[in-house]
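These protein sequences, in sequence, are chains E and X. When you line the first sequence up against this note's numbering, it's residues 1 to 389, in that order. When you line the second sequence up against this note's numbering, it's residues 1 to 349, in that order.
Quick caveat, the hints were computed from the structure, so don't treat them as lab data. Every residue gets a Cβ at the ideal spot worked out from N, C-alpha and C, and that includes glycine. Check the hints yourself; a few may be wrong.
Simulated restraints, written as ranges between beta carbons of each label pair [unchecked claim]:
(1) E:G272 / X:Y300: 50 to 56 Å
(2) X:P160 / E:G83: 54 to 60 Å
(3) E:K389 / X:D190: 51 to 57 Å
(4) X:Q233 / E:R327: 19 to 25 Å
(5) E:P344 / X:P338: 33 to 39 Å
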Amino acid sequence: MDLTFSAEQEAFRKEARAWLEANVPSEPLASFDTKAGFEAHRAWERKLHAGGFAMVPWPVEYGGRGSDLLEWLVFEEEYWRAGAPGRVNQNGIFLLGPTIMEYGTPEQKARFLPKMASSDEVWCQGWSEPNAGSDMAAIQTTAVRDGDHFMINGQKTWASRGAFAHWLFGLFRTDPESHRHHGLSFILVPMDLPGMTVRPIQKINGKAAFAEVFFDDVRVPAENRLGPEGEGWGVAMATAGFERGLMLRSPARFQATANRLVRLHRETVERGAPVAPGMRERVARCWMDAEAYTLNTYQTVSKLLAGGKIGAEASLNKIFWSELDVRMHELALELLGPRAELLPGAPAAGDVGDWLDGYVFALSGPIYAGTNQIQRNIIAERILGLPRK
Amino acid sequence: MDFDFSEDQRLLQQAVRDFLEGECPPEWVRAQWQTDTGRDPAFWKRLAEVGVPGLLVPEAHGGLGLDETDLVLLLEETGRAALAEPVVATSVGAALLREIDGPLAATWLPKVASGDARLAVGHAGSPFVADAHVADLLFLSHEGALHAVPAERARVEAQPSIDGGQRLFLVGFDVGEPAADGDLARALQDAALDRGALCCAAEALGVADRLIALAVDYAGQRKQFGVAIGSFQAVKHMLADVKVELEYARSHVHRAAWSVAHAAATRAVDVSMAKLAACDAARAAARVSLQVHGAIGYTYEQDVHVWMKRAWSLDLAFGDSVFHRARLCAGVVDRTIPAAPFGFEPVNP
Chain E
1 MDLTFSAEQE AFRKEARAWL EANVPSEPLA SFDTKAGFEA HRAWERKLHA
51 GGFAMVPWPV EYGGRGSDLL EWLVFEEEYW RAGAPGRVNQ NGIFLLGPTI
101 MEYGTPEQKA RFLPKMASSD EVWCQGWSEP NAGSDMAAIQ TTAVRDGDHF
151 MINGQKTWAS RGAFAHWLFG LFRTDPESHR HHGLSFILVP MDLPGMTVRP
201 IQKINGKAAF AEVFFDDVRV PAENRLGPEG EGWGVAMATA GFERGLMLRS
251 PARFQATANR LVRLHRETVE RGAPVAPGMR ERVARCWMDA EAYTLNTYQT
301 VSKLLAGGKI GAEASLNKIF WSELDVRMHE LALELLGPRA ELLPGAPAAG
351 DVGDWLDGYV FALSGPIYAG TNQIQRNIIA ERILGLPRK
Chain X
1 MDFDFSEDQR LLQQAVRDFL EGECPPEWVR AQWQTDTGRD PAFWKRLAEV
51 GVPGLLVPEA HGGLGLDETD LVLLLEETGR AALAEPVVAT SVGAALLREI
101 DGPLAATWLP KVASGDARLA VGHAGSPFVA DAHVADLLFL SHEGALHAVP
151 AERARVEAQP SIDGGQRLFL VGFDVGEPAA DGDLARALQD AALDRGALCC
201 AAEALGVADR LIALAVDYAG QRKQFGVAIG SFQAVKHMLA DVKVELEYAR
251 SHVHRAAWSV AHAAATRAVD VSMAKLAACD AARAAARVSL QVHGAIGYTY
301 EQDVHVWMKR AWSLDLAFGD SVFHRARLCA GVVDRTIPAA PFGFEPVNP
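In isolation and in its complexed conformation, chain E is listed as follows (with noise of 0.2 Å):
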């Protein structure tokens, strides 16, 4: 056990500070779920790429850096520090890239892997659909093969960013006898074939970025297909463990959000602002628990270099840092008083910030990337040994 960086880390961390320092917008800017803040993500990832940060720990010749995976939590650390935009490809860069790099064949890889790194194709994802959430083995959108292509009928939704992405990644059932997790492939679809209809779908927050797919006789050619046909399942659920574990919610994020908690505590108090007893220990104890994920996940990333895998315990994860989140805006809002419900752009919002914002985004963590139900579930049954019936 060795808790310090080495000179090499930290030479990194510098290289990285100072990049951002010089590059991160000085506004914030506008959300990603409108098609204008899209494209100005868009051209921020083109900048993170041109700096060669934007996809750290992927191989050079993908458009990565070619780092380990120490280098990458640096990296997060360092990009949260900047306040940098979030991620608009997250779903790309972080899911499907590395089941790329997993499942993929070479020409695969060369075909998808670059652009993505790049975001000149942006992706979401096409998993749920209208009869198959939590359920996920219940999917019926199905991909008869036809020649030397996939014809596709049937409908996706809950496609994050589906309003605006180039690409969607998903599971579709090739075998159509099949029943339940059997018969299931993994392929990549163009989002612009004919055939194709997306429909946006306002979220709580008004915006419509979100999308459900409807596909009628959609062809999409053979070598779409990402890993063996009929076994996507397994691909998925490598995918569905990158999710959930280590790669989509960096430690870094809950660390800067417990850090600012603790100075909107301080600054709540300074101003002589009422403050619930026992708000100073609930305040620090998310500071804790955003330390315990940071801890934990440097313990996972050193399993991993060591040659250790990641499974089940994906699902501990996604649990701690999805009701963390939605804890420590809770909060926040709880020390703003009266001004928590008004929107940034109101006369009498002083500095609520994005507080607001933040919580709605943050109530959709128990719920995506499966449920914390279902991960209760898997913990129980994977992990603790019970019985599934």
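Go by the hints and put chain X onto chain E.
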């Protein structure tokens, strides 16, 4: 940066686990509760042969010369076994002797390593001293100074605890020449309290793990409505929640072990986080394990209460939760003692 244990560290942990599974089964733990002293010198000698009490003792004095990152893995095992022998106090006392050095260390450390001496440590976190009745040497404070008191100069008054493994005492002693005073005494006392709290946190991890294992085992066997009760989501989700709490507590404990071993500036806050996280997890695991067992778990003959009471007594040892919560807040909110995020350095702390 490598936040993982070495193969050797894991092997030593496994050796201690195997030893305790053989030598310290629940029946033996329960039998010890009933004896006069609750302690077994012959067992202590065997434990010394495995290297447990001498782990922090320098090799020059016959110990293993290892540090807290090794120790916490072994203490997780003593917790898992509900072993009540004075492993924590003796480890803390051994580190004090190592720091004080000189003739005192030369006299006592070889005896600690060989299992011929047990130590007790009084501290500011509690008026009570655990295992003062069997300790050969007691570290006690008086007017700011630290005293190393041989057993014959100490007067002990038993304070029975609900945890049958716990033996607490109020201790008086004839004040002689202190082992340390002034700033040195203060530094030693602070380090001892932090080391003791870390050790208790590590034991609490093992206690929590055992309580969860007992519940999982029972829930897999006990049938109601024609099925194992462990198949019910109401039962699964309670156990999943304490499992989450335990695994994140583990990360705090392992980091605090490093902070104690390397006298990090943030040691006090790191240790308090570890103690709070681990003892909260152990207490939560106790509640859930009891609930999963239902009425049978509420009986004296069933084992749940043995570990549940361990969770309670560890929570109070080397600073109760009020003490550690106050330190956490002092570090994080008031910034009167050092606290720092791991890795992340905010622009505007």
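Taking the hints in turn, this is what the structure says about them:
no.	hint	verdict
1	E:G272 / X:Y300: 50 to 56 Å	holds (55 Å)
2	X:P160 / E:G83: 54 to 60 Å	holds (57 Å)
3	E:K389 / X:D190: 51 to 57 Å	holds (54 Å)
4	X:Q233 / E:R327: 19 to 25 Å	holds (23 Å)
5	E:P344 / X:P338: 33 to 39 Å	holds (35 Å)
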